[in-house]
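Here the protein sequences come in this chain order: A and B. Each residue of the first sequence is one higher than the last, beginning at 1 in this note's numbering. Each residue of the second sequence is one higher than the last, beginning at 1 in this note's numbering.
Just to be clear, a hint being listed does not mean it is correct.
Stated by the list, open to error - Calculated Cβ distances over 12 Å to all of chain A for the following chain B residues:
| id | residue |
| --- | --- |
| 1 | Ser5 |
| 2 | Glu29 |
| 3 | Gly33 |
| 4 | Ser60 |
| 5 | Gly62 |
| 6 | Gly114 |
| 7 | Pro117 |
| 8 | Ser137 |
| 9 | Asp167 |
| 10 | Glu169 |
| 11 | Thr172 |
| 12 | Phe173 |
| 13 | Gly210 |
| 14 | Arg217 |
Unchecked claim - Listed below are several chain A residues computed to face chain B (Cβ distance under 7 Å; list not exhaustive):
| id | residue |
| --- | --- |
| 15 | Lys11 |
| 16 | Ile15 |
| 17 | Ser19 |
| 18 | Ala82 |
FYI, nobody ran anything at the bench for these hints, they're computed from the structure. For clarity, every value in this text was computed on a predicted model and none was experimentally measured. Just so it is clear, CB atoms sit at the ideal spot from N, CA and C, and this is done for glycine as well.
One letter stands for each residue in the lines below.
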Amino acid sequence: MIRIALLVAAKDLRIERRSRVLLWQVLPFGVMALVLCGLALGPQHAGHSSAGPGLFYLVMLLVALLVINRSQVIEGSPGTKASVATLGLDPAGVFLGKALALMVELWLMGVVLLAGSVLLLHTALVGTLSALPSVLVTLAALGAAGALYGALSGGGQGPATLLPVLSFPAFAPLLIAGERSFSAALYGGALWQWWVISLVALAAYVAIGILLYGVLEES
Amino acid sequence: MGSSSPVVVLRDAVVLVSGFPLLSGANLELAAGSLTVVTGANGAGKTSLLRLLGGLAALSSGTGEVSGIDLRSGDLRELRRRVGWLGHEGSFYDDLSAEENLVFAAKALERPLGEIPTVLERVGLASRASTAARQLSAGQRRRLGLAWLLLRRPELWLLDEPYASLDDEGRTFFDQLIGDVVRSGATVVVSAHDPLRSSALTPRTLTLAGGLVVEDRS
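Use the sequences and the hints to build the structure in full.
Next comes the structure, spelled out in structure tokens:
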């Protein structure tokens, strides 16, 4: 399972590095969304508002939907699906590989957008840095859930609007936990309990994906 | 040629997609080491038949067995490992190079990577090894699909319209390679609009219409 996971993750990351879709399309979109959030807050409120963590996660959600959809689209052509199916890959390994690649991609986006939130939303640098571990865990959970819901929404062949609709109930608690822990890192409060929620969600989505990904692929 | 024991047995096989029968009661036996060409008009059920044989489409009713694996109750994942699929849409990752696609398949199947240059040479793509699959011509993409299959060495080759958009040279190359594969003992099923042109190949030809086998010429 681990061998297949590493193989699939390396393949997905190589495809993204080669196609540069994330670098030249998704990341600029995320930065533009952050700029718009900063403009929406206005110069008077950007430095004093407590909305920074929420806006960061809102932008991350939009970016994550694009990244997850992209992760499924690269598998989506009927010929590729059939050929890869005849390799007989362990579905648990495929899920872990897709989730791992999504996590790495979301981490890279997250680090850039965190820097963007310091610059554009004026979140405090020290607080933002101390929020980094919790952000990484939340984005990892988002990646694991994304690999699962990406397959559930049709594996790149379903309607483009299906993924946001289906994944909302799964992503909303993650974003709330992430926003709370980011806010706690910036302004003080119960950081660890929100961290634990993200960690439990990560473990749960990984376990569910390992168990169910094969069923989703078959359906 | 291989032995005459059937590698494929279908009895009244029906494949339904969204309630519509793509195969509507096909009966078929294919001997191991044989070459079969499935012809028919668009929508006759050629691709559905190949997908059923590859464990890529579910058998809705009737019975079927491929390589000793029951299509209803058997391990379809194991069946898929034994078959090779070449579709007319392209069979690989467009953003990876020809060589990288083969490395992925070889690693997935735990095959030695040393076979890859030989396989690329065999299909005439050695000079395009580092070219992204999306930049290959239709014929070259088809050859890359064949390289993928040569690397895998499946028991049952399912080639879905492999001649589409190929020039004469490409068709001749495919015919020669199919002949070699059959002589090596593998079973090959080809869907095509036209019969094979090579006089060296003497395939059994099945004609499909409306999801049924309506003609069987050996």
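- Please settle this one: Gly62(B) was flagged as non-interface, so is its CB more than 12 Å from every CB on chain A? Holds: least Cβ distance 20 Å, greater than 12 Å.
- Message: Would the hint on Lys11(A) be counted as holding, given a Cβ-Cβ threshold of 7 Å to chain B?
- Response: holds (5 Å)
- Query: Does Ala82(A) pass the interface hint, meaning its C-beta sits closer than 7 Å to a C-beta of chain B?
  - Reply: holds (5 Å)
- Task: Take a quick look at Thr172(B) and tell me if its Cβ sits farther than 12 Å from every Cβ on chain A, holds or violated.
- Result: holds (23 Å)
- Consistency of the no-contact label for Glu169(B), given chain A and a CB cut of 12 Å: holds (23 Å)
- Item | 12 Å Cβ clearance of Glu29(B) from chain A | Fine: 22 Å to the nearest Cβ keeps Glu29(B) off the interface.
- Item | Distance rule for Arg217(B), whose beta carbon must clear each one in chain A by more than 12 Å | The assertion about Arg217(B) holds, with a minimum of 28 Å to chain A.
- Query: Per the stated criterion, does the least C-beta distance between Ser137(B) and chain A lie above 12 Å, as a non-interface residue requires?
  - Reply: holds (16 Å)
- Compute the least Cβ-Cβ separation between Gly33(B) and chain A, then decide whether it is above 12 Å. About 20 Å separates Gly33(B) from the closest Cβ of chain A, which puts it past 12 Å; holds.
- Item | No chain A beta carbon within 12 Å of Pro117(B)'s | With a cut-off of 12 Å, Pro117(B) remains clear of chain A, as the shortest Cβ separation is near 20 Å.
- Message: Take the shortest C-beta to C-beta distance between Ile15(A) and chain B; is it under 7 Å?
- Response: holds (4 Å)
- Item | Claimed clearance of chain A by Ser5(B), with the beta carbon kept past 12 Å | holds (23 Å)
Going down the numbered hints, you'll see the structure goes against none, and every one checks out.
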